[in-house]
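Each chain, letter by letter, is given below.
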Amino acid sequence: DAKTTQPNSMESNEEEPVHLPCNHSTISGTDYIHWYRQLPSQGPEYVIHGLTSNVNNRMASLAIAEDRKSSTLILHRATLRDAAVYYCILREAGGYQKVTFGTGTKLQVIP
Amino acid sequence: DAGVIQSPRHEVTEMGQEVTLRCKPISGHNSLFWYRQTMMRGLELLIYFNNNVPIDDSGMPEDRFSAKMPNASFSTLKIQPSEPRDSAVYFCASSLLTESAFFGQGTRLTVV
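Those sequence lines, one after another, are chains A and B. When you line the first sequence up against the working numbering, it's residues 14 to 124, in that order. When you line the second sequence up against the working numbering, it's residues 21 to 132, in that order.
Do not take every clue at face value.
[To be verified] Heads up, simulated EDC-like pairs for lysine to aspartate or glutamate below, C-alpha to C-alpha not over 20 Å straight-line: (1) A:K16 <-> B:E64; (2) A:K16 <-> B:E119; (3) A:K16 <-> B:D76; (4) A:K111 <-> A:E58; (5) B:K44 <-> A:E58; (6) A:K111 <-> B:E119.
Because the hints were derived from the structure by calculation, they are not lab data. Quick caveat: nothing in here was measured; it's all calculated off a predicted structure.
Please build the complete structure, drawing on both the sequences and the hints.
See below:
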């Protein structure tokens, strides 16, 4: 499995944007970049995913570097409800691939 | 769809007893995953199925653990005999091919 590297923790002030980085220098051409988050006492939930182009949805934006060796999850205005562990994972397109999680980034939002 | 449904939500059992965790994936999904989460080890993939067939069970800790998927709408994870170190939150997730995976609420297992 291609590996990802994320900071263990980050802090953000409420109402401010948050940029969560992820390095995946061994990514292959067919790997999609997926982001999940896990709120306290809940199962992980899907946030966003992309291949090459930047992606936006109602929850967040995903910025993918041109060489695809890194990506950034952007929360435009952090709220207290966004406090969670954020996981960046790679998943190969086509076929059947397992979904494995690293240690993720624990985001603390300060009121 | 009600999402991935796991039962029970909480289970407390005595060491040596058999424990069966259940999962109903989202209808139409053809991949199913079982995970275990602890503070020490994080979120570990135990086993995953594609089209009801186990593909990779390398994450299953030992022979005390077994998983089955008799049909597309049901899977079980069994621990026999259970030990205190099996105490954890067990998650089931399902997905369609390589699309996003959807997780259940988990089963919190306590073995005393």
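Can the restraint linking A:K111 and B:E119 be considered satisfied, given a maximum Cα separation of 20 Å? holds (11 Å)
Restraint check for A:K16 with B:D76, where alpha carbons must lie at most 20 Å apart: holds (18 Å)
Are the Cα positions of A:K16 and B:E119 separated by 20 Å at most? holds (19 Å)
Hinted pair, alpha-carbon criterion (20 Å max): A:K16, B:E64. Please report holds or violated. holds (15 Å)
If you draw a straight line from the CA of A:K111 to the CA of A:E58, is it 20 Å or shorter? holds (16 Å)
Below or equal to 20 Å on CA atoms is what counts here, so check B:K44 against A:E58. OK: B:K44 and A:E58 at ~17 Å, within 20 Å.
In summary, this structure violates none of the numbered hints.
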